[in-house]
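Engineer: Chain by chain, the residues:
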Amino acid sequence: MIEAHGLGGATDLPIPASLAIAGGAAALVLSFVVLLLAWREPRFDGHNTGRQVPAALGRFADSRGWKITCRVVGVLGLLVTLGLAILGPDSLNNPVFGIFYAYLWVGLIPASLLLGPVYRAMSPVRSMHWLLTRISGTDPDEAVFSYPARFGYWPAAIAAFAYVWLELVYPGSVNLGPVRLWIAGYVAAMLVGGAIFGRTWFEHADPFEAFSTVVSHLSLWGRDHDGRLVFLSPLRNLARLEPRPGLVALVAVLLGSTAYDSFRGLNRWVRFVQGSELNPTWLGSAGLISAVAVVGLTFSAATLAATSRPIGFTRRQLPSALAHSIAPIIVGYFIAHYLSFLVEYGQVTMIQLSDPMNNGADLLGISGEEANYFLSLHPTLLASIKVLAIVTGHIAGAVAAHDRALSVLPRRHQVTGQLPLLAAMVLYTYAGLYLLFGS
Amino acid sequence: MVTIKGDQVKPNSQEIDLEVGETLIIRFDTDRDGELHVHSTPGQYVEFEAGTSTKKLVIKAPGVVEVEEHDTSHVVASLEVR
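Those protein sequences? They're chains A and B, same order as listed. Those letters in the first sequence? Residues 0 to 438, by numbering that gives the first Met the number 0. Those letters in the second sequence? Residues 0 to 81, by numbering that gives the first Met the number 0.
Don't take every hint at face value.
To be verified - Under the rule of at most 25 Å between Cα atoms (straight-line distance), these lysine to aspartate or glutamate pairs were calculated in the DMTMM-like manner:
no.	chain 1	residue 1	chain 2	residue 2
1	B	9	A	276
2	B	55	B	28
3	B	59	A	61
4	B	4	B	21
Keep in mind that the hints were calculated from the coordinates and are not lab data. Note that the structure is predicted; figures quoted are calculated from it, not measured.
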């Protein structure tokens, strides 16, 4: 049985035109306020040491017990997911789909915003790699080949694309076979890469860890030069996201895939696909690739147009040097697009977990309960939250880009050089509002 | 009006505006049995039999609801429920 329309019930109503217009106007005006009136010296780059957390909190976060707890939770999560994927019923009543698509992917955002790089701390593939090195008596950092720096985040971007393609394009996305195969491929790729390149592989190639790390740079948590836990303002933290090759590709996959998820729900697209003689999977793949390519290419073009002689970077590195500014836009758009899905389908998944095998069990004491659909029942509130999330993400992105532009653009290009990037950000925000407006 | 001849399902994702609690009347003209999967919250099914028939559908929560013919995964309607 194929469920072409994936998880969850009804999708959100389109946002009202008045809200979309107000949000768009606010984004445009505030962009220019940031550009023209904001500070003239970089504030977030350089002196980013942060403020020491209370000593007890630092000791707790670095304690062996807490680290082991995180690892155990991660490994248990993988075991539960695999158990459900192998032994559970092949139907939408199986909570594995909610775990895999809602908790793991969308849930990474609130978890990483609140707690920092959670996937890195819990990563079951890191734990498996550690165990394998213990068994073979090698050092987990030991590598057969050292990881080539020029690969950067490219493996994670490719793996993230494979994930969103399974979720958004592949017709069997909510069947157990494809989900099992994807997880098997993921674990195998992580362990083989880890064996070849050592532990650094996970940071560059694990799509969940890379996504979580990008988002965690908008949290309050960071580390100083001595590795101690510190508080940081989110924008300072964001400026510390290391520009590496492939960062643009990674953020383009994250933002482009979410835009495609909105786009594929537009009735015009549904009618076009159903009326077309072409294979829907090919059409969907083309749509997803186009959405990712539009983000990646417009961002690269806009940043390359900023200046021919950047300071501290080569021109080719400019897009990566500014790519951190897309992170708040991704978070804003994820909140707008997936909030009701995460809250409401998240509850459905939890209720399903109480009776995972559909045999009448009541493990969590909530079997048969009804989820709370407060957000769906208050569409105006939901629409307002969405527009607010998109506009907030846009402003934070514009501020982050402005600050970085001050340190990488030569003085005479500092204002004009920011214009193309600002135009690209306004484009993303308008496209996001348009897709939510759904006309 | 939903017409089905084997794998040929019509209409192609017709847009329909609906109020919460309003009754939508679906007329069927089909050469086989089947069911519509209504992607409302919570989900609903509308079963139909070969021949002509009339069924009722009520959506209880606002949202955009796709109505999909089960065997072909063809979306026959997109309901905007307010």
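Engineer: If a hint holds in the structure, say so; if it does not, say that too.
Structural biologist: Here is how each hint holds up against the structure:
1. 9(B) / 276(A): Answer holds: residue 9(B) to residue 276(A) is near 15 Å, not above 25 Å.
2. 55(B) / 28(B): Since the Cα atoms of residue 55(B) and residue 28(B) sit roughly 15 Å apart, the hinted pair holds (cutoff 25 Å).
3. 59(B) / 61(A): 50 Å, violated
4. 4(B) / 21(B): 29 Å, violated
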